[in-house]
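Colleague: Below are the chains, spelled out letter by letter.
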Amino acid sequence: MLKIEGLSKSYNKGEIKAVDNISLEVKKGEIFGFLGPNGAGKTTTIKMIVGLLKPDEGEVVLDGINVWDEPMKAKERISYVPDNPEIYDRLSGVEYLNFIGDMYGIRTEVRIKKIDYYSEIFKINDSLGDIISSYSHGMKQKLVLTAALMTDPDLFILDEPMVGLDPKSSFNLKEIMREMCDEGKSVFFSTHVMEVAEKLCDRIAIINNGKIIAMGSMEELRRSAKEKESLENIFLELTDNE
Amino acid sequence: MNRKLVSLIKTDLNITFGLSSLAYNIRKGKRIVPMAIIALAVLSLFPSYIFVVRALGSFYDAFRQIGQQSFFLHVGFMSAQLIVLVFGFMYVMSKYYFSNDLPHLVPLPIKPSHIIGSKFVSLMVSEYLTSLPIILPFIIIYGTRGNEGITYWLISILAVITLPLLPLVISSILIMIFMKYTNIKGKKDLIRTISAVVFIALIIFVQLKLNQWTTQSIIDSEDFMFNLARDANLLLTSAGIMYPPAMWGALALSKGFSVQGVFNLFLFIGSGLVGFALMMILAEKIFFDGLIGNIEVSASKGRGKKLDSSSVLKTGNPIITMAKKEILMIIKTPVYLMNSVGGVVILPILLVISMVTGGESYEPMKEMILQSREILILGSIGAIGSFGVLNALGATTFSREGTNMWIQRTLPIDPRVQVIGRTLPSVALQVVGGVLLIGGIFFIVPLKIFEIIIILVLGITASVPLTMIGMTIDIIRPMLEWTNPQQAMKQNLNVLISMAIGTLFMVGAAFLGYLLLPDYGLFVVLGLFVIIIVLSTVFIYKLLVNLVKTKFMDME
Ligand SMILES: Nc1ncnc2c1ncn2[C@@H]1O[C@H](COP(=O)(O)OP(=O)(O)OP(=O)(O)O)[C@@H](O)[C@H]1O
Ligand SMILES: [Mg+2]
Chain Y
9 MLKIEGLSKS YNKGEIKAVD NISLEVKKGE IFGFLGPNGA GKTTTIKMIV
59 GLLKPDEGEV VLDGINVWDE PMKAKERISY VPDNPEIYDR LSGVEYLNFI
109 GDMYGIRTEV RIKKIDYYSE IFKINDSLGD IISSYSHGMK QKLVLTAALM
159 TDPDLFILDE PMVGLDPKSS FNLKEIMREM CDEGKSVFFS THVMEVAEKL
209 CDRIAIINNG KIIAMGSMEE LRRSAKEKES LENIFLELTD NE
Chain X
4 MNRKLVSLIK TDLNITFGLS SLAYNIRKGK RIVPMAIIAL AVLSLFPSYI
54 FVVRALGSFY DAFRQIGQQS FFLHVGFMSA QLIVLVFGFM YVMSKYYFSN
104 DLPHLVPLPI KPSHIIGSKF VSLMVSEYLT SLPIILPFII IYGTRGNEGI
154 TYWLISILAV ITLPLLPLVI SSILIMIFMK YTNIKGKKDL IRTISAVVFI
204 ALIIFVQLKL NQWTTQSIID SEDFMFNLAR DANLLLTSAG IMYPPAMWGA
254 LALSKGFSVQ GVFNLFLFIG SGLVGFALMM ILAEKIFFDG LIGNIEVSAS
304 KGRGKKLDSS SVLKTGNPII TMAKKEILMI IKTPVYLMNS VGGVVILPIL
354 LVISMVTGGE SYEPMKEMIL QSREILILGS IGAIGSFGVL NALGATTFSR
404 EGTNMWIQRT LPIDPRVQVI GRTLPSVALQ VVGGVLLIGG IFFIVPLKIF
454 EIIIILVLGI TASVPLTMIG MTIDIIRPML EWTNPQQAMK QNLNVLISMA
504 IGTLFMVGAA FLGYLLLPDY GLFVVLGLFV IIIVLSTVFI YKLLVNLVKT
554 KFMDME
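So the protein sequences, as listed, match chains Y and X. Reading the first sequence from the start, the letters are residues 9 to 250 in the working numbering. Reading the second sequence from the start, the letters are residues 4 to 559 in the working numbering.
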C-alpha cells in the first residue's frame, strides 16, 4: 500500500536533520504504529507522506503512485488527521463537512450515511450546526476525524490521534481503525501511548533522532530486545542512547 | 501619568510599529526586500502627490482673488480631520476591540482607561502619517504665498500636533458606544456589520442634507456677493457651522497672535483635550462592556437537537463550493468584510459626496465629465477594474488561510479549482461595487442603458486579471503565520504590492487608450481593452495554476 524509501528532511538549511534516510512499508489491511520520543521526526515524516512537506530526498509511493509526482491521485485516496486540529473556526461543522465532501466529490447519499454514522459514534451530531469556534479541542478533533473518515480513504494517516480524546472516543476510534483494516484499508499513525501501539498495531516502527531504530511486529521487536516484557521497556531501552 | 501607563504606552508603540522586530531585522539584514518594496511604493506615490500639491497652489490663488484665503486653510483642516475621523473608525475598532494583546491585557490589573489611553497614543502616531501629508501643503502654501510671520508658523506647529486629537476622540467615543450597544449575544458580527453600514450611510446623509442646506442659504441670500467682499471669513464661518473645530483651526492660524486668533487656538486645542478627558471617563464606564464577550461566540440553536443531515448535507460543484467557503469566511470575519467591501464602496461614496457637497468648486470637473462621455465610460471601466485590487481579496486569498492551509494542501483539489474558486468572490464584489458606482455617476449625469452594460461588463471582466495579479503575489509569498485575522488583511504587504503592479497594468492600458482614442474613437479602444483583458487573463491564469501547483508542494 504505502512505501517509503530513503526519505530525508532537514530544517534550517540542513542544520537540523529531522528525518534521516528512513524506509518502511505499510501493507494492505495493516495498522502501522509510528513511535518515538518528542522531536524524533514523527510529524515531519507524516507531513512528507501527506504532501505538506517536500522531502529533501527519497520517495513516497502509494500503490505505485508517487505522492509527489501525482499529488491529486494520491490525495484522493489518503485522509490525514493532524496532531493539532486547526480548522476554519468561522464555519459551522456542517459547512466544513460539505466543503470537504465537495472537494473529494462524495455523493450526497454516501455523505449522509457516513456523517450520520461517525458523528453518532463520536457524539458530535448535536453540535454540527454550530460554529466551529464554539467547539472544544476534542470536538474539533472529532470533526476532523469525521471529515477524514467520510472520504472512505484507502490510507488513513493520523498524527497522535489519541491525545485529547476521552477514553470512550479513543476506544471508538481504535474500533474504527480495526474495521478499516478488516476492509483492506491501511492505517498509519504516530503515538506516544505504548499500550495503544502494543495492542492495536500489526507492526511498529520506532524512530529516534530521525532514524528508524527498530521495526517489525510486536513479536519481532521482543525477539530483538533484551528487556522483553513490554513495549514500554523495549522503547526505553532503544531510545535511551545517551 | 503613572508608571504603568507609561510602560503600557511604550509596549503598545513597540507592538504597533514593530520597533523591536524592525531593529532586529535591520541588524540582521533580514526582510530587506519587503522594506525596499514599501519604500518604492511610497516613492512611486510621490509624483502624483507633487501634482496634487501644485494644484492646491492654484486653488489657493482662486480663493485669494475673492479675498477668502482663510477658507483655504479651512478646507485643509476639514479634509485632514475628516480623513483622520474616517480612518479613526477603522483603527479604533480594530485596535480597541480586536487586537491580539487584549486577551492578555484584560485579566491584568489595569484600568480600562489606561488600556484605551495607551492605545490612543499609538493611534495618534499612526494618524500623523495620514494627517501630515494632507495638512502640511495647505499650511505651507498659505504661509509662503501669504508671507506669514513667525507667529503663524509657531501656531501652525501647535495646530498640526493637536489636529488628530479631536477626530480621533470622536471616533473613539462613537465606536465605544457602538460596541457597547451591539454587544448582543447571538448574531453579533452580523448586527455589527449591518449597523456599521447603516451608521456610515446615516452620517453621509446628514452631512449631505446639512451641506445642501447651508450652501443654499448662503448663496440664496441676496447680498452674498456684497457680504463676500466685506467679510473675509464669510465662506469660512458659513461652512464652519458644519464642523466648528476646522474653522477654529483655520481662524487660529489666519488671525495669528490676536485676541480672536488665540481664542480660536484655545478652542481648537481645548475641544480636543476636553474630548479626550471625556473619552477616558467613558472608557472607564463602558469599554469592557463592549469588549467582553467579543471572544465568546454563539454556540446556538442546534445544541441538544439532532442534526437533520439529509436536509443540510448537499453536494456542490468544487469551484462553487470553494467560492462559497471564501465568501462565508469573509462575511463572518468583520475585518475581512470591512476591508474588502470598504475598498470597493468608498470610491462611489466619495464621488457622490464630492459631487453633491462640493457645490460650485466641482463645476469645472462636472463640465469636463459631461463633455467627454468617452472618458467617463473608460474611466468607469478602469475604476471597476481597479476594485479587483482595491478589495484586497485576491492578494490575501492564500494568506487568509493561515494555519488552516493544511486543509487546502492535503485535499485533492485541482489547482484550477483553487484559482477560479478564489477569483469568484472578488468578482462578485465588483458587481456590487460596479452597481454602486453607476449609481454614483447618476448623481452627475444619467447614463444610457448600453453605456451601463459596457461599463459593467468590461469593468467586471477587467477586474479578473487584476484580482489574479493579487493572487499571484499572494501565492508567491503567502503570509500564513498570523494569530489575528487583521494581520492577514491589513498588515499584509501583498495588498500593497498588488496595488502597485495593478496600477502599472492599468496605467499601461490607459496610456494606450489615450493614444488611440482621438484618432480611432471609443469602440476601437474598447475592442483593444477586450483583447488586453482576455490575453492577460489567459496568461495570468496559466501562470497562477502552475504556481499553485508548485507552491502548494514547496510550502513548509
Ligand atoms: N518548522 C520547523 N523548523 C525547524 N525545525 C523543526 C521544525 N519542525 C520540526 N523541527 C525539528 O525537527 C525535529 C523533528 O520534529 P517533529 O515535529 O517531526 O518531531 P515529533 O516526532 O513529531 O515530536 P513530538 O512527539 O513532540 O510531536 C525536531 O528536532 C524539531 O525541533
Ligand atoms: Mg509531532
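Hints are not guaranteed to be accurate.
[What the hints assert, rightly or not] Label-pair ranges, simulated between beta-carbon atoms: (1) Lys62/Y to Val434/X: 36 to 44 Å; (2) Tyr19/Y to Pro110/X: 31 to 39 Å; (3) Lys62/Y to Asp292/X: 34 to 42 Å; (4) Glu454/X to Asp71/Y: 56 to 64 Å; (5) Phe526/X to Asp71/Y: 54 to 62 Å; (6) Lys62/Y to Ser61/X: 35 to 43 Å; (7) Lys21/Y to Ser61/X: 39 to 47 Å; (8) Asp91/Y to Asp292/X: 34 to 42 Å; (9) Glu183/Y to Met558/X: 34 to 42 Å; (10) Gly113/Y to Glu559/X: 42 to 50 Å.
[Stated by the list, open to error] Computed far set for chain X versus chain Y, every beta-carbon distance over 12 Å: (11) Gln71; (12) Thr185; (13) Leu276.
[As the list claims (entries may be wrong)] Below 25 Å or equal to it, Euclidean Cα-Cα: the simulated BS3-like pairs (lysine-lysine) are: (14) Lys81/Y to Lys317/X; (15) Lys11/Y to Lys552/X; (16) Lys131/Y to Lys552/X; (17) Lys11/Y to Lys182/Y; (18) Lys35/Y to Lys176/Y.
Treat the hints as calculated values from the structure; they're not laboratory data. Note that CB positions come from ideal geometry on N, CA and C, so glycine has one too.
Colleague: The structure should be examined with respect to each hint, and the outcome stated for every one.
Modeller: Comparing the hints with the structure gives:
1. Lys62/Y to Val434/X: 36 to 44 Å: The hint (36 to 44 Å, Cβ to Cβ) holds, given that Lys62/Y and Val434/X are roughly 39 Å apart.
2. Tyr19/Y to Pro110/X: 31 to 39 Å: holds, 35 Å
3. Lys62/Y to Asp292/X: 34 to 42 Å: Violated, at about 50 Å.
4. Glu454/X to Asp71/Y: 56 to 64 Å: holds, 59 Å
5. Phe526/X to Asp71/Y: 54 to 62 Å: holds, 58 Å
6. Lys62/Y to Ser61/X: 35 to 43 Å: Cβ of Lys62/Y to Cβ of Ser61/X: about 60 Å, so the range 35 to 43 Å is violated.
7. Lys21/Y to Ser61/X: 39 to 47 Å: violated, 58 Å
8. Asp91/Y to Asp292/X: 34 to 42 Å: Because 38 Å falls inside the window, the suggested range holds.
9. Glu183/Y to Met558/X: 34 to 42 Å: holds, 35 Å
10. Gly113/Y to Glu559/X: 42 to 50 Å: For Gly113/Y and Glu559/X the Cβ distance comes to about 28 Å; the hint is violated.
11. Gln71: Answer for Gln71/X: holds, closest chain Y Cβ roughly 53 Å.
12. Thr185: Label holds. Min Cβ-Cβ 18 Å, cutoff 12 Å.
13. Leu276: holds, 41 Å
14. Lys81/Y to Lys317/X: holds, 24 Å
15. Lys11/Y to Lys552/X: Status holds; Cα separation ~23 Å.
16. Lys131/Y to Lys552/X: violated, 37 Å
17. Lys11/Y to Lys182/Y: Holds, at roughly 23 Å.
18. Lys35/Y to Lys176/Y: Cα-Cα ~28 Å, so violated.
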